[in-house]
Amino acid sequence: MKKNITINLSGRLYQIDEDAYELLSHYTETLRNYFQKQEGGNEIADDIEQRIAELFDEQIAGGSQAITIENVQSIINQIGNLKDITDSGENGTTDSGNTTNQQQKATHLHQMLNKKKYYRDTSHSVLFGVISGAAHYFGTGANSLRWLFVLLCVIWAIVAVLFPSILLAPLYYSPIGLFFIPLIFVPELIYFILGLSIPAALTPEDNLKMKGVPVTPENLTSEVKKQSVQYKPKGNIGGWNIFTGILSIVIAICSAINFVGCIITTGVLFGVFVQQLPDTLNGMVDTAWIAERDRFFTYLTIACVAMIISIGIVLYCSIHSSLSSFKKAKPMGNVQRILWIVGWVVSITLSIVFIIFAVGKYEQLDDMQRKAIETEREAQRQQYIREDGFYHNNTDWNFLQDGRWTVVVDEGWGDSQRCTYSGEYMDGNEDKRYLDVYCYDTPAKVLIQRNDSLQPGTYRLSAVVKANDEHKCVFAILDSDNKIRVAEIPVYEAEGGPIHHVATVMLQDSFDIEVTNPDEILAFEMLKSKTQTTLQKIADANWGNGYGWSYVVINDLVVKQPCTITYGVTTLEEYTGMEPTAGWFSATDFKIERTDGKMEKTMVKDVVKNEKVDDKVEKTKVKDVVEDEKVDDKVKSTSGKTKKKSARRH
Amino acid sequence: MNVDNAKSQMRKGMLDYCIMLLLSEKPYYTSDIIRRLKEANLLVVEGTLYPLLTRLKNDGVLSYEWQESTQGPPRKYYVLTDEGQEALKQMDAAWNELEHTVHNIKGNS
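Read top to bottom, the protein sequences are chains A and B. Just so we're aligned: the first sequence equals residues 0 to 649 in numbering that gives the first Met the number 0. Just so we're aligned: the second sequence equals residues 0 to 108 in numbering that gives the first Met the number 0.
Hints listed in this document are in silico derivations from the structure and should not be mistaken for laboratory results. Positions of the beta carbon are idealized from the N, C-alpha and C atoms, including for glycine. Treat the hints with care, since some could be wrong.
Covered stretches of chain A (chain B as the covering partner; in silico rule of three or more C-beta atoms under 8 Å from a C-beta of chain B) [as the list claims (entries may be wrong)]:
(1) 6 to 20
(2) 36 to 43
(3) 49 to 60
(4) 77 to 83
For reference, chain B alone in the conformation it holds in the complex (with noise of 0.2 Å):
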């Protein structure tokens, strides 16, 4: 079995879920992102965040404006949307629901 795609596959999951968790505290810079996301030990390619940061903001789940910084060029501040806040709450429930499974599961064998 490939254990690496398994995981990989995993995490695929999650990416999108703990993008959401993450703007839900507040609004985030894409490079403050990357950060704590590697602050919490999820290993994850960088470039794939970009399309993926992408595609949430077209479903209309993440949003962002430009702010100007000075110490370089203006940055992307990705925040969540209020349809966002709402497949969060869907998302956190659907969590609940796999963390239960596995932990039944788990707790019979």
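Excised from the complex, chain A in its bound form (with noise of 0.2 Å):
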């Protein structure tokens, strides 16, 4: 039993099975646009209309009461095959000009007519026909098609992971590398647009078309008839039906995921879009600076658009498809198709493209803070940088200026960047400033020096130094013999010391002055000469505890001629002899003593102390400005031996 529909072919109605339809309807369409082209196509086709009615009522005439698909076949192979009726070259004897004209047309209806178009075929589909359409158009079987796509989209996500992942090593783990997941999946995402986009097989002029048979009325006719008898066994294809229920979830959450993922990712664009980056680089208005920012902007929007755009694309084409498969909207032509599909690919690529180039843009504007910070900060060193080729800040700058040190060698101090100090003055005095080198965990080279120049006599000089490494010195050179005397600094660290030690012992009523360390002998030679007063600070320096303190002494330093003294610090292993150490050590109260009896007038430079001296008194030091103090005229320094001291006080 077959549907029955009534046409109106000539101003006439006729029934007309709707197999016999198909076929009919399709030779008229065919022939009406082929002599369309022609001067009076449209009358010409008319009259074709007019002769099918004709015989159709000779056929209803005969007695039956609806046209079949049979008479319209026979009435089609009496008006002539569409083959036959353009191949006739019915125009060839007038212009010969028209004659290519028409061949022309001819092999194009032809064209028309044999083919191949891609449609999906639903009726031997595991998913959507996809793969069972393409298998049709390419001449190939549908299985292995179907296991070469499968391969396609693993060796693709392989690809798509390894790839960007070395190419764009630190950027792909960063949240930047959310945009690549999606890439991922762009074979299913092109399966899963192609089955919304393509066009199934519907009609049997679709079957012909799509395997390539020629359209002719006898085709037809057994593809109707084929299609009327036929079932569609749903779901049977061999063993690919498992892959069916699995096939379809994996593309929908690839591409759930490739469109969720643009989405993130154009997310995070705009976070980072939103950010404001100043004009100014490290608070200096730099146009270079805002030129590259601008160009980073630019990116960023570009593939920002460009994202969106694609996403668009995907969206437009899907819901398109949809509407046009429940026959809501016109399928749209091939041309069409590709065109959003290049448009989408073109999207995408300009997207990613863009991304890289934001992001090397915004390295580069990070190096380019950075190097202006860096830039800053050695503009400020350069300024001090001083006459001596090193840096100092203005407090050791003018120490050193006012207590005529120079800085000769200079090298691994590293961050600490001074050589000067206050606060842990043997007395506690905060304010007064010495010389400090501190070099945390590297040797540092050091070599600060001054000179002074020396009346022939005997001399010895002095310092108050300490230390937390070996192999720091105290050094003397006179330029008569040029020969280095060092005296080492003994290390007590920051606590404690012989000077704080023995000044708390001198303060007892009597005591005993150790023998054995020498520091501790020395220092209480050099301490004899204080008043109470200092040896009381000294001894609750820091606490009570003392700062390390010790004497250094270079004795015998036999001056013939007028000379010059060059006495100083140094780590320096041709002076030392000994191999430089890391961490610090302090020095001041550099004196140089006439040690034979004459006094002259010595060189004393300490900032704080003034002195008078007498010619032919021996040394006496005035210490305290208020307190007096008798000494014995001849007391001679006695060292090596234990000796009480009688205290005198007032």
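Starting from two chains that each stand alone, build the complex the way the hints lay out.
Next up, the structure:
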């Protein structure tokens, strides 16, 4: 039993079977399209339709109520197959110029009739029939094509993960990496889109075109008969059944991830976008910076826009395809489809490319910022490179200038970048500044010195020092013999020390100084001339703990002719004969005194102290301005012996 | 040699002439033209006639008028124009020449 419809042919109504109608309408449509290109073509088509109507009348007069497909078949044969009508070249006798034209039209019609068209084969499909259709189009087996597609998906996924992660390594593991996830599922997404957008083979004519069989009335008839007889056993395609469920889920997930990934990435991009970058580079307006920063935002904008466009394309095509499959909208032609796909590819590519640019630009901006800060710091430092070629802050430089100290060698100090300090002087005076070299963990090479002129005589150089590691020395060189004399700074670190200990002891009513510790013996010698007040201060320094100071002396500096003495502190191996160590040392109160009984004007240059000397007075040290002290005229230094000191107090 | 092609070529040349001859007798409906040609043993694809008739009409050789019919839709009623008559005379002359030539060659072989 067949469905029957009524048609209007040349103003008359006929009952015709549906499949006969399909065949007939295809015939008349093709003819009309063909003749339309000629002058008066519509008329010719009308004439033919009228002829068909006449023939229908004959059929009906013969007794049948409805036109069947066999009727249409024989009528087509009578009036002429499409091939015959176009082949005959009926206009060949008029203009010779028209011949080729007509032949072209004929060949065109031929091609129209015989061309293979890509339809989705939904009657042999696993999911959407995309691959079955492709198999028809390319003339290969559907199953082999399916395996190929699966292989493509796997390989693509691997490549899409490996390549970007290697090429763009740090980038890949940042939030930008989110963007690359959609890339992994591109083949699945394309399948999905194709499934929605490519039309399925619905009519017998579609089927013929899909298989590339010429659309002649005979073929059509047989195809139509096939269709009406055929039932579609859904999901009966050998072993691929199982795949249907899995594949549809996979594809749905992949497409969703792709889509969501794109949206998330766009969101991230916008987030970065919204974060303003200032006009100024490290506080200064800089045109180059502004230019680069604007470029950065341009790239970001383009990337965002391209991403949005690609998402829009996917949305639009999906919606349109769904609509057209529900016959709410006309399916789009192949040209349009290709344009949309190309558009999508272009926008995704643009997006990726510009994201990469943007990231590169961002890193460049970061670099510029860092460099600007560096440069400023350098410039600041440059201000403080002094005439000695070294960096000294103002405090240090003033101290060095005032004390006539010259820094000769200054290597490896690292970040401390200072050569003086104040706050830990032995008597607790926090404002007294002294030489102090601090190098945390690298053996620093240091040489700080000053010069004095000496008249003939015998001298002793003394200094108050401390250190936390060995091999740091006070040195003295007379230019008469250029011999380097050194005295190593005792290591007592930052607390205690001989000076403090001895001062504490000396404050007792009666005391003993240890024989065995030469540092303490020396300290006792040097402290003998100090006032009680001073001793008390020393003892109380650092909450009674002391600061680790000791004395060093270089004796027997014999000067025959007036000469220059160079002295100071050093860690250089050429001077000390020992390997420099890390750590710190401090030195102050450098004094050069005559030890041969004659008191010349001594060159004491401690900033704090003043001194009056008498030509024939032995060493007298007036320490405290307030207190007087009586000393025995002929007290001589008696080192090496224990001595009881009688306290004389007022 | 493609005989069918040559034969088809020969028929093509004759078709214009035959139609004009027919119409010189009296006016005809298209379906009648087809019938008469078949009676005369001229194998012609029906569909090729319509473009041909239209072209001849456009050339001014034929013209038609619509005629109502009780049995069916209105039909075209073709007739040879004066211009057509003139053309026909020339076609006659041409045909006689052809006939003569062929006859001559055949006779001498």
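Structure-based check of each hint:
1. 6 to 20: holds (count 3)
2. 36 to 43: Holds, because 5 residues of the stretch 36 to 43 of chain A bring their Cβ atoms closer than 8 Å to Cβ atoms of chain B.
3. 49 to 60: holds (count 5)
4. 77 to 83: With 4 residues closer than 8 Å to chain B, the stretch 77 to 83 of chain A meets the three-residue bar; holds.
Hint compliance for this structure: every hint is met.
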